[in-house]
Amino acid sequence: MGQNKQHIALEGKGLTLGYFHQKSKKEILSDLDFQLFSGELTCLLGPNGVGKSTLIKAILGQIKPWKGEILIETQSIENLGVEELAKRISVVLTDPVFPGNMTVGQLVALGRTPHTGWSGKLNSTDREIVEKALSDTKITYLRNERLSEISDGQRQKAMIARALAQDGKLMILDEPTAHLDLVNRFEIMELLRDIAAQKGKAVLVVTHDLDIAIETADRFWLLNCGTPLISGKPEDLIISGKINLLLPGEKYRFSVERGKLESEIQDLRFEISGPKELVFWTRKAIQKAGISEVKSPILVEKDPFSISLGEKKFDSIDGLIFYLKIQIDPIK
Amino acid sequence: MNTKRYLFPIAFLLLGLSFLLNLSLGSVWIPFGEIVSGLFSSDWSKASWEQIILNYRLPKALVAICAGIGLSLSGLQMQTFFRNPLAGPFVLGISSGAGLGVAILMLAGSAFGFVLSGVNSWAIAFAGVLGAGLVLSAVSLVAWKVKDSMTLLIVGLMFGSAVSAVISVLSYFSGAEALKLFTVWSMGSLGALGWSQVGILGMLILIGCIPVFGSIKSYNALLLGEAYAKSMGIRTEKMRWLMIGSTGILAGGITAFCGPIAFIGIAVPHLARIVWKSSDHRILFPASALIGAILLLLCDAAGQLPGFASTLPINAVTSLVGAPIVIGLIMKRNFSRDF
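Chains as they are written, first to last, in the numbering used here: chain A, 1 to 332; chain B, 1 to 339.
FYI, nobody ran anything at the bench for these hints, they're computed from the structure. Glycine residues also receive a C-beta, built at the ideal position from the N, C-alpha and C atoms.
Facing chain B, according to a computed beta carbon distance under 8 Å, are these residues of chain A, among others:
1. L60
2. E83
3. L110
4. S119
With a straight-line Cα cutoff of 30 Å, these simulated DSBU-like cross-link-like pairs (lysine-lysine) come out:
5. B:K145 <-> A:K26
6. A:K57 <-> B:K238
7. B:K238 <-> A:K169
8. A:K325 <-> A:K284
9. A:K64 <-> B:K238
10. B:K4 <-> A:K121
11. A:K87 <-> B:K145
12. A:K132 <-> B:K4
13. A:K138 <-> B:K277
14. B:K4 <-> A:K138
15. A:K251 <-> A:K288
16. A:K23 <-> B:K145
17. A:K57 <-> B:K145
18. A:K67 <-> B:K145
19. A:K64 <-> B:K145
With the rest of the complex left out, here is chain B (with noise of 0.2 Å):
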């Protein structure tokens, strides 16, 4: 009991610290005390510093920090709604979803002969935001239709595959160059964004938040089953769309800027689990939140090849670094049992 308590500070303090390492990190060495110096007095030793920061690794850090948060909590609502631990921020189809508006708008132009001008971030963004909406929204009419939450996920599965094979197909018949264009956008970025687009990816993430804290009584009450949920009062219809919207726009938005990240949104419900050995939502909510943020902020950092100006794609890292872990923590617990 007494060590749970200092869990929510240690928590914060790594987030920090990971924070700070991921601004430190790069082709070049920034050391701590000039960053912190430099973000609260703007007393920077050198200009190239403060250009880097700035520009470069400050929105790309708020960005892995705002991902992390929102692919967690999706994945954790996704795991208690359809009770199932293997559920994920995706499983809805919504990153298949917006990689079909991405791979439409990189692809279709090459496939069937003809150019599409202006590819560039917002662009994608659009297109990705624009897929995932259409995709959800077949779901969301499945959902109206289907009262059981089983069906929905193997609905969304399907939909899922569905999509992934409409993708192969443009693949197929594209050109070589916007083959590795759209592979690229399929490996994740979190360092595309410039302020602008930060902003809105900020205000995506806060506006999901909102009905995952309007429901969190409601979430506690599903650990026992839909039965028992109805039975305490909760209206598991009203529920299930609230849990799409909000996953559609935190896993919709940050697929459509960042691109498909995986990993983070299925395992960090299972690490805050075992780490606070809590199935409390009012635990878990926060607990994700700041485990999704720091291990996003990490893999970032693990990608950042010293000596290299370039980095590794943030998708390869996530899983690289991040299966391992979870195969080390799951080998060593019951984890179904303790789900």
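Bound conformation, chain A alone (with noise of 0.2 Å):
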């Protein structure tokens, strides 16, 4: 509350969505109210089918609301044309369809397209956004390369390349880095949060990555069903628990301590002592071998790395898990 100050880039006011499918209506979210600021990079979470893709389709003017309204800058999204939207938002989305032909070059330069004359011929004016949007995302180096015969993450950064070249103040997309590797997960995220803050712009993305979203996002949308949007900082969410919404269940919980997501721990007993991190990951084996009765405490000892059971000594928890494992059922 209170933070009104923010400059909001998009609005939704009681918004319901749905599709007609024969002659049954199906409703797929109902009365939501939302707010997208400008410079911040929103992360949309929510699990498989909850309505996350065609939220971004009525965004993307592609479907109409039901009920309510959709607010760019207080103008509706109905009242604008496909020329006038194409030229405030830009879209990154999962499905990877691109000319092998074409270089990366000209692939950002048909981010221009809402912008040029009728031959799609660049100015230039457009000639310079290109530019920039070549060195932001840092692939200027890449520009005469044909898009068959680079990386996926190379690729990707073209595509927020493009659509940073197509220069709207929202950008959404769809699952940027669902094919990457970790290492281009984040360079992508922080390069998305790196455009919202420095830009200005109004940066949504869907994402199933909780632990990077949770590491790069300035705010979250949770969506689940039945329930309204709930907006607010990553932070805010996993202090109050609300996180737990995106969880359905009670077999995985969001541990507050370590920002992640963690299997129920079940009632387990045994003792284990010895430095805090080392203890974590023999809990963390134990658990999932599925042993949870040891009978006699455990000790781990750092520098050289060993575990103690009674008299037995290990020096690896595989060891230790082997040895357990024979007490419990000799057979195996």
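Reassemble the complex: the two chains are provided individually, in unrelated frames, and hints are given to aid placement.
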């Protein structure tokens, strides 16, 4: 509350969305209210099938809301034409469609499509914006590479550069890190946060990468079946426990101490002592092995690493688990 | 980059050469110099050469250029619009439609036991345009209902098959003479047209090209798929109508006047992509038009058997000459990656 000084780039008011399937109506999202702020990286999180893609489609003007409206800077998107909308919102989609013959430079130049004349010829301003988009995403060196000859991570950066060259106030990305390795995921998300902060754009990212989203996002939107959209700083949502709304059932829980998702710890009957991080990993391994009871106390030591169980000593967790399993079920 | 700059001048030069080659080849060999001086200063050393060139070979060469341009441009539009390297000008059932029109004109009489008088080239062209237009309208009706371009592609193919089946039925019941006539038509011919028909064909090609030039930007955006194109402010629904209209006029008109001509429409856009190494339609449209015209001129020249008065049917030549070239080029490069 009380943060209304921030500039609202996109606003949803009482939004109800759904599909007509043959003759039956299927309501997907009902009565949503949301605000997307300029200069912030917002992550939209929610389980599969909750209606994230539907919401994105509505924001892109591809489906009409049943009720309520979406405003871009106080203008309803229904009153904006396709061309006008394209000047305000750019997207990066999940499906990797790309022509192999095209170079990175040509791809980024396509981002200027809504701003150019009938033949798509770039003027000097357009070329400057394309250059800037390439350098902002740090892929200027890739300009003349063909899309078929660069890595998935580079290609995704090129797609982001294209969206940047489209130069709208809003950028929407649908799972931009889905096919990427860990380092590339971080890089892409940090790039997006920088874009939001430095260019004052409102960036909305649909993602399932909770860990990386917590590290990089300025704001979370949590979408869950039958609840209103919850918006807030990731840290606030973690402390208040609202983040657990993402997790149906009792099996998983968000660990406030470790900042990540964990299996709900069952009733464990064993004692481990020693340095904190060693205890954590040893406990984790024992738990994963399905062992819930160890008779004697376990002592873990650092430098050199060793585990003592009664008189037994082990130099690796592997050894300990092997021993414990034999104790429980000697036939194996 | 440097070699790229010379590609268009080279292509224009090749076009000129193949045009001259096309004019000079035939049952009588006419030297290049004679043709040039004859065309520019009406100075012919033999009156028969003037007759041959002006009344037979020149209209045929112009038809080859028109058909080459038209078929290549409609093929390129189809391939980009449907994001499918196998799409060609006839995937929406246009050639089958024209075939149906002509088949009804030529075969129905003999099949149902009455005689249609006046089977001349005008009537054939008219029937072809009518048939192509009919099938195209049916496909358009579907296009109006379906949102997805892949569905449209499949519906077009199905229409084509259904129409071909009707032609088969007509062929089955028709007499031998009519059947021979229809078979000859279906092999395609560039040389059967007089000057007035060449004029009309040229007009149709010009009209069909207008929507192409109007939507170069949209075709470039479509390279990223329909969803991205929409997000960049392209009205894909409007484009679909322009595409259907343009290919209908181009491919429909050509099929009506010359009969079906295979291979050019599918292969030429790929050749243009390979030669120019580009997917930018500002380059691909003129490049495809040039290659299409050159290739059809050469195919027609290749069909002129030396020493014989007759020519091979153009539809057979395009496939015989063209298919090995394209297979060779494709085997060398990773084709689907370049698309």
